[in-house]
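**Student:** Here is what each chain is made of, one letter per residue.
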Amino acid sequence: MATAAPDPGAAQPDAVPVSPSPGANLMAVTFRIRRFDPEAAAEAFWQDFRVEIDPKERVLDALHSIKGEQDGSLTFRRSCAHGICGSDAMRINGRNRLACKALVKDLSPQRPVVVEPLKGLTVLKDLVVDMEPFFQAYRDMLPFLVTSGNEPTRERLQSPAQRARFDDTTKCILCAACTSSCPVFWNDGQYFGPAAIVGAHRFIFDSRDEAGERRLEILNDNHGVWRCRTIFNCTDACPRGIQVTKAIQEVKQALVTRRL
Amino acid sequence: MPTDVTSGAGRAPAEPGPGRGRGPGPGHPAPLVEPPRQRTTRTPRSTRGNFEMYGWLFMRVSGVVLVLLVLGHLLIQLMLDGGVSRIGFAFVAGRWASPWWQVWDLLMLWLAMLHGSNGLRTVINDYAEHTATRLWLKALLYTATAFTVLLGTLVIFTFDPDIT
Amino acid sequence: MEYGQTRQLRQVHTYDTVIVGAGGAGMRAAIEAAPRCRTAVLSKLYPTRSHTGAAQGGMAAALANVEEDNWEWHTFDTIKGGDYLVDQDAAEILAKEAIDSVLDLEKMGLPFNRTPDGTIDQRRFGGHSRDHGEAPVRRSCYAADRTGHMILQTLYQNCLKLGVEFFDEYYVLDQLLTEVGGVRHSAGVVAYRLATGELHVFRAKSVIYASGGCGKFFKVTSNAHTLTGDGQAAVYRRGLPLEDMEFFQFHPTGIWRMGILLTEGARGEGGILRNTHGERFMEKYAPVMKDLASRDVVSRAIYTEIREGRGCGPEGDHVYLDLTHLPHEQLDAKLPDITEFARTYLGIEPYTDPIPIQPTAHYAMGGIPTTVHGEVLADNTAVVPGLYAAGEVACVSVHGANRLGTNSLLDINVFGRRAGLAAAAYAATAALPELPEDPAGWVERRIEGLREATGSERVAVLRAELQETLDANVMVFRTEQTIGAALAKLAELRGRYAEVSVQDKGRRFNTDLLEAVELGNLLELAEVMAACALARRESRGGHYREDFPHRDDVHFMRHSMAYREVAADGTESVRIDYKPVVQTRYQPMERTY
Numbered sequence: 016m017a018t019a020a021p022d023p024g025a026a027q028p029d030a031v032p033v034s035p036s037p038g039a040n041l042m043a044v045t046f047r048i049r050r051f052d053p054e055a056a057a058e059a060f061w062q063d064f065r066v067e068i069d070p071k072e073r074v075l076d077a078l079h080s081i082k083g084e085q086d087g088s089l090t091f092r093r094s095c096a097h098g099i100c101g102s103d104a105m106r107i108n109g110r111n112r113l114a115c116k117a118l119v120k121d122l123s124p125q126r127p128v129v130v131e132p133l134k135g136l137t138v139l140k141d142l143v144v145d146m147e148p149f150f151q152a153y154r155d156m157l158p159f160l161v162t163s164g165n166e167p168t169r170e171r172l173q174s175p176a177q178r179a180r181f182d183d184t185t186k187c188i189l190c191a192a193c194t195s196s197c198p199v200f201w202n203d204g205q206y207f208g209p210a211a212i213v214g215a216h217r218f219i220f221d222s223r224d225e226a227g228e229r230r231l232e233i234l235n236d237n238h239g240v241w242r243c244r245t246i247f248n249c250t251d252a253c254p255r256g257i258q259v260t261k262a263i264q265e266v267k268q269a270l271v272t273r274r275l
Numbered sequence: 314m315p316t317d318v319t320s321g322a323g324r325a326p327a328e329p330g331p332g333r334g335r336g337p338g339p340g341h342p343a344p345l346v347e348p349p350r351q352r353t354t355r356t357p358r359s360t361r362g363n364f365e366m367y368g369w370l371f372m373r374v375s376g377v378v379l380v381l382l383v384l385g386h387l388l389i390q391l392m393l394d395g396g397v398s399r400i401g402f403a404f405v406a407g408r409w410a411s412p413w414w415q416v417w418d419l420l421m422l423w424l425a426m427l428h429g430s431n432g433l434r435t436v437i438n439d440y441a442e443h444t445a446t447r448l449w450l451k452a453l454l455y456t457a458t459a460f461t462v463l464l465g466t467l468v469i470f471t472f473d474p475d476i477t
Numbered sequence: 048m049e050y051g052q053t054r055q056l057r058q059v060h061t062y063d064t065v066i067v068g069a070g071g072a073g074m075r076a077a078i079e080a081a082p083r084c085r086t087a088v089l090s091k092l093y094p095t096r097s098h099t100g101a102a103q104g105g106m107a108a109a110l111a112n113v114e115e116d117n118w119e120w121h122t123f124d125t126i127k128g129g130d131y132l133v134d135q136d137a138a139e140i141l142a143k144e145a146i147d148s149v150l151d152l153e154k155m156g157l158p159f160n161r162t163p164d165g166t167i168d169q170r171r172f173g174g175h176s177r178d179h180g181e182a183p184v185r186r187s188c189y190a191a192d193r194t195g196h197m198i199l200q201t202l203y204q205n206c207l208k209l210g211v212e213f214f215d216e217y218y219v220l221d222q223l224l225t226e227v228g229g230v231r232h233s234a235g236v237v238a239y240r241l242a243t244g245e246l247h248v249f250r251a252k253s254v255i256y257a258s259g260g261c262g263k264f265f266k267v268t269s270n271a272h273t274l275t276g277d278g279q280a281a282v283y284r285r286g287l288p289l290e291d292m293e294f295f296q297f298h299p300t301g302i303w304r305m306g307i308l309l310t311e312g313a314r315g316e317g318g319i320l321r322n323t324h325g326e327r328f329m330e331k332y333a334p335v336m337k338d339l340a341s342r343d344v345v346s347r348a349i350y351t352e353i354r355e356g357r358g359c360g361p362e363g364d365h366v367y368l369d370l371t372h373l374p375h376e377q378l379d380a381k382l383p384d385i386t387e388f389a390r391t392y393l394g395i396e397p398y399t400d401p402i403p404i405q406p407t408a409h410y411a412m413g414g415i416p417t418t419v420h421g422e423v424l425a426d427n428t429a430v431v432p433g434l435y436a437a438g439e440v441a442c443v444s445v446h447g448a449n450r451l452g453t454n455s456l457l458d459i460n461v462f463g464r465r466a467g468l469a470a471a472a473y474a475a476t477a478a479l480p481e482l483p484e485d486p487a488g489w490v491e492r493r494i495e496g497l498r499e500a501t502g503s504e505r506v507a508v509l510r511a512e513l514q515e516t517l518d519a520n521v522m523v524f525r526t527e528q529t530i531g532a533a534l535a536k537l538a539e540l541r542g543r544y545a546e547v548s549v550q551d552k553g554r555r556f557n558t559d560l561l562e563a564v565e566l567g568n569l570l571e572l573a574e575v576m577a578a579c580a581l582a583r584r585e586s587r588g589g590h591y592r593e594d595f596p597h598r599d600d601v602h603f604m605r606h607s608m609a610y611r612e613v614a615a616d617g618t619e620s621v622r623i624d625y626k627p628v629v630q631t632r633y634q635p636m637e638r639t640y
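In order, the protein sequences belong to chains E, G and A.
Each residue of the first sequence is one higher than the one before, counting from 16 in the working numbering.
Each residue of the second sequence is one higher than the one before, counting from 314 in the working numbering.
Each residue of the third sequence is one higher than the one before, counting from 48 in the working numbering.
Wrong hints could be hidden among the right ones.
27 Å max Cα-Cα, derived BS3-like pairs, lysine-lysine [stated by the list, open to error]:
(1) K143/A <-> K154/A
(2) K266/A <-> K120/E
(3) K266/A <-> K71/E
(4) K71/E <-> K120/E
Calculated directly from the structure, the hints in this document are not laboratory data.
No experiment lies behind these values; they were computed from the predicted model shown.
Work the whole structure out from these sequences, hints included.
**Tutor:** Shown next, in the form of structure tokens:
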């Protein structure tokens, strides 16, 4: 596969240190990265990079070091670098994670660390995927508070227990790690996917909201919650620790109890 | 798997995904990334209605009922009162003389067939990639199911113990 | 549409209002502007990736839900927190409109934590006090320790509800100005589309900058990689001033060496800072507010402890944030994210072990000068018609020399809303401005120049040197000597930047190229910051000069206004002018906590 896209760094990757912090034990780690540049070649290929890195650093630090010192064309999204913006979800050693929350030491760095783009979304370049279908599914869920009647002058009241009811699903950062870990989504891009259902859950169970029924109607669809096979991949993948499968089950339960 | 994929809002460029080959090749420890089906504001076409919910519920309820029916069936057929050794034409004939056992077996037949077929329908929906494949597989499944269910029902109700 | 000397396909879009940046301020402005006029929001990230989402602790408003409070106390705290460099009329607006801003967000769906009565819960935060400094007050409205995340999500959700038009991953690289009757008007912006490398010209009656801060010129920073001051640089290069750029906030509690933010809410919940002897050292520096003194005071106290040999660790280069005495349930309920950061990045269990912290570069108090309606100033008094700014990119100035915690989430909501309203009102009456000749020409030359450059310098190397220099010389403690060293280094770096080349020559998702552009912005802004810091020969708020350790109200009770000057021979320099501070009812007093 590694036929196209000539790269000087590929043949003899040199280990280049990432700005070492004093006293750190550096270790040479190979990162095996899935490369794809539609302007250079039609096919994707694997490329190995060796990096001298403190194992306590993040995979994102390694990617930055590769981009900065070995191959500037390596392309990935990133922003906050501490797991709150959701830009850098990717498949690392076969599991969806945020590159900024995956520490090298937790990835058996004696062997090559394999880094790929998210599965099930169109790859645009290297680790960058097309997020549009993912956001479209989220937008389809009416992800906003819907109320009727006159607005109160002060805040709407909500007890701490009512607030706690949907707390877990408010944590979602829309990184797509869950949706792109779901085998149903891999095979059927029309499945709304866990993230969209989490987005709906956050409002369905909000005591202030009045459009729960409409969201349930959308999720009752052929491509809605009933496609969930309870595989728990989404829960495992969530970098925010959201109980995604549980949220999906709660939506199913709400549908059954409200419809029957 | 479609080869031309456009993005949802129609703003991002239409890009064929890389690596259309399947599965890990030599030296490739992880599977390749496939493009998804497209999703736009108009897709998926809404299929509103409670069919999927009833299907999902049916699987759970029929599963529980089947456990009772099948275990009871096995107990009577294989264990109690001499067990498997006494099964013969006369035994079946004797049982189907009673409406109780007729209904038992009928229920077992219908629930097992529908449960299995619905399961296969789900598998086809999840894994068949082309609309046409899905259509053909489902047509085959439904035909087989209908044939088996009808034939079984016919046998249970028209069974003649005096047949020679 | 084609213009002369064009090699690339360019697209021209026409809108009433174009908003640059889709963080809190940009989307709050969009919520006001979009229903009133044709609005486009341009963002270099997907909107939910914006750094508003990293804000943790809360949003201040004198709701008085849990104890007595009023907006006048909030105004005072803001002015005192800003070391009296705050424009007092703006601070009053901020504190007054805070209440409705919080209630608006709640009505939009924001899931605030609640009191047992079901109203919005509030907690203590640094520098917020009852009755003009008497004791800490519960004023910060919060949603666990992810208030910013919830604000960003809620605003995005409401933008979806209103059908706001987003242009995601469009980098705005230039501000277009056109002269009408001798007055410079905003004509639109030029944006680079990351996905394709095309240039897009947005012609608009009004433009709102809400593009955030520029903290990435520091190494230890809580800022995102994308906070590179693109908005500030775009207007500065067009000859418009930047205000108070020397004032940069260093948040006391960043994770040691990484700079990841640990909210001040941790101290609001009862967390304590300790030195290597286990002493609660803030008692010495701020007897009343202790650990909840304002951020500049706490950051200086931490560095003083470290310098005097009471820092923790083998190198004595950090102190501890101690949460071990707090009940586990309280940590889980109120501070779940930051405890998880400690576990993930440091491998430390905050239930039982103190967390090593050090001050981290956090927030630019300065920025594009605006009026209280978000109108951008061309000098001390005249506005640029059609140009607006809000949020961290702007300087109203409500933060003065030091921003209080929770006032930035407030700033983006209050002034984001005001800028959105003002821009829409302007667009309702103004004529569509003419584009200047070859509007994208400058951007194209810059982009193509970088793409085709063959120099030997690399972006990552220059950026690392820039960050090292600023961390060493222009951080919490500054002297004429260190600032001078930084300026000399910056001059060298700018020289070497001319020799920079990128490896990625492609058009699609060329982040290599954009990092080079961003580095140019950072270098320019770093120079402005250092030049302003050198000129301000006093210590005030976040700007501390060891050679001038006292506040000097006689000479420096005024805002710095930095202009870019280009001499006839093409050499660039920073010209510093001053603007008076608006004082209404509060006379400067000595600032103690």
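**Student:** Against this structure, judge whether each hint is valid.
**Tutor:** Outcome of the hint check:
A threshold of 27 Å between alpha carbons decides the hint, and for K143/A with K154/A the separation of about 18 Å falls inside it, so the pair holds. A distance of roughly 23 Å separates the Cα atoms of K266/A and K120/E; the hinted pair therefore holds under the 27 Å criterion. For the hint pairing K266/A with K71/E, the CA-to-CA distance comes to about 18 Å; that is within 27 Å, so the pair holds. Pair hint K71/E plus K120/E holds up; C-alpha atoms about 6 Å apart against a cutoff of 27 Å.
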